[in-house]
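What follows is the residue order along each chain.
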Amino acid sequence: MARRLWTHACWSAAVVALSATLAFGHAVVQKASLDEETVRANEATRVTLTFNSRIESGFTKVVLVSPHGEERPLEIDPASTPATVSVQLPPLVAGSYGLRYKVLAVDGHVTENMLRFTVAPADSPSPTQ
Amino acid sequence: MQGFADFVDSLLGGAILVALSIAVGGVVWGLAVLRPGPSAEPRLLRRAVSLMALGAAALALAQAALLAVKVLLLTDYVGPDAFARFTATLQFRAGAARASVAAVLAAAALSLRARPTSGRRWAVVTLLAAVVTLTGAWLVHAAGRLETRATLMTLTVLHQLAAAVWVGGLIQLVALWPLARRDPGTIAWPALVARFSTVAMLALLTLLAAGLPLVWLYVGSFEGFIGTGYGSLVLTKAGLMGVALALAALNLRAAREGRTAGSGTVRRRLPYVAEVEMILLVSLLFVAASLSSQPPPIDGAGERATWSELVEVFRPKWPSLRTPSVAAKVAAATQPVAFDAERTNLAYSWSNFSHNVPGLFLLGMSVLALAAWRRPAWARHWPLGLVGLAVFIFLRTSASEGTWPFGPIGVLENALANTEALQHRIGAALALALGLFEWRARSAPEARKLAYVFPVLAAAGGLLLLTHSHTPFEPKSDYLIQVTHTVMGALAVLMACGRWLELRVGAPLGRVGGAASTVAMLLLALVLVFYREANVIVPLE
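Chains A and B, in that order, give the protein sequences. So that you can map any letter, position 39 of the first sequence is 39 in the numbering used here, and since no number is skipped, the others follow by simple counting. Take any residue in the second sequence, count from 1 to its spot, add 1000: that is its number in the numbering used here.
Treat the hints as calculated values from the structure; they're not laboratory data. Only a predicted model underlies this, so the values are computations on that prediction, with no experimental measurement involved. Do not take every clue at face value.
Below 30 Å or equal to it, Euclidean Cα-Cα: the simulated DSSO-like pairs (lysine-lysine) are [said to hold, decoys possible]:
id: 1; chain 1: B; residue 1: Lys1476; chain 2: B; residue 2: Lys1317
id: 2; chain 1: B; residue 1: Lys1476; chain 2: A; residue 2: Lys102
id: 3; chain 1: A; residue 1: Lys31; chain 2: B; residue 2: Lys1476
id: 4; chain 1: A; residue 1: Lys61; chain 2: B; residue 2: Lys1476
Excised from the complex, chain A in its bound form:
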């Protein structure tokens, strides 16, 4: 009886283990400074995106999308690390914006996504007050 249970357990484990991936891809944003800091109108703001894996810095593109859909490329901060990308947002008027990024992960997969954020009026209270 114990031997049969052990055999069944081994086969079950085999089925699960054999389902393990051979390769996994795409760099995705694990943390964005936009989630922790409020972007205020008329103030330049540094934004940092932290990815789950290393990315090839030479292929990183970040574009600011205005509420009307106009796109403006942003310069990548040279101090960005292999897994982070930093850009400087110019002073903006209050409204809803998008930050579209495109990166090449070290595993060769290109990832593109858009982070949406809101620029708060300059005189609005900060969340901690």
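Given the coordinates of chain A, assemble chain B onto it according to the supplied hints.
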């Protein structure tokens, strides 16, 4: 372009894994099963080495093609200097190294074929196969990880190697059977099968040893399994692997019985069950490649579906028999769409009808196929339902895309510019071919060989569904759509395997295969009939 590149990436990725299996698995097959030496049969060695050379050449070509696709994609977004910049990346260097070493391995294998018992040439081939395998460590996601990088790379390479030994050896075994059947006196088939069984068991244990920690490190939770695209593909792999293991157990039993004189299953049944096992494992390699386009759940990216949301996807529901008009669809397609616009009720209704009606087609065919077991002559014509389905898919796609006969855009032009449209066109073509060939095979005894077209195309269709437009971030709504395609893809592969078994093996196992194939088609039909996009209930107007 991104969607097309991801689709081609999955297909080429699968082709690379299959080619790697044939090349590297062939080396282990040669050394451990055929055992090159003075007493080895040269014919068998030459056959094995020829296949090994073919695998290595295919690996070199597929790897080079993958790099070329990546350059095209990168040129699309960084400009004409993309190639120069790409050559500085790890992906290019490792990929180019693998392609180069694979090409040298192919040449070395051809040299070995001229002297298949040469120990020195086997040593060269073995070394090159080892290098080809090791280059894989820098081509997988683990190479980009920030923590436990070396451990993950090592485990991934071990996992790939074990899979290659198993799948490659199985391919060699299936390729050897025609020769062994013609010459039973010279080729000790039962002994070779027994040796391969041992090799396969060791490969299985290595897969287990490398796989368990990978699952833990990359999935990490029940929610990760059931709520993400990555997790659904892992579970699909588990399901297909379970069926493959059941077939492997049958073969293992036949191999052990084959050691005793008088046992015929090792000749009558094992070679054909091995063919089905091979189809399943090759399909699994394509699923593995499709997995590579997904971020692992452990990184917490994207929304996750809950268990109740997943159950709702497959819960029995009445099909939608009302559809927006083509004019309304075309009018909606011409409207400008804001970048954060939500999907409209019209779009949901259109999609639901587009899936429910094909489900009814397949349901009807499944009922007729089940009736055909009682041998009414008219039920044999059930495959003609696939021709009707093909016409429906073609017209529905044309209406959705505004192509002929519903709009001025050319069918081919649209298919090349839109990955999803291309996949639907291929699906229509597959359904048409499936229907015509299978109907002919069942209605004309002299055309029985045409029956093999159905399982081949069904497996191809299954792989198409399994690699169907996965997005890396998959908002939950997209995941709830993709999970149905993943399940249908797996069922299509099982349908193909059941039919192949029915064609190749006599009763009772052959009849079990046939029944399983019909049941798989019925389940696939029900997934489509119950389909409701992203679980959204569209109000009746």
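For the pair supplied as a hint, lysine 61 of chain A and lysine 1476 of chain B, confirm whether the alpha-carbon distance does not exceed 30 Å.
Between lysine 61 of chain A and lysine 1476 of chain B the Cα gap is close to 26 Å, so the pair holds against 30 Å.
Lysine 31 of chain A and lysine 1476 of chain B: Cα distance at most 30 Å?
holds (19 Å)
For lysine 1476 of chain B and lysine 1317 of chain B, compute the direct alpha-carbon distance and say whether it is at most 30 Å.
The given pair, whose Cα atoms are some 21 Å apart, holds under the 30 Å limit.
Is the straight-line distance between the alpha-carbon of lysine 1476 of chain B and that of lysine 102 of chain A 30 Å or less?
Roughly 21 Å separates the two Cα atoms, so the pair holds.
No hint from the list above goes unmet by this structure.
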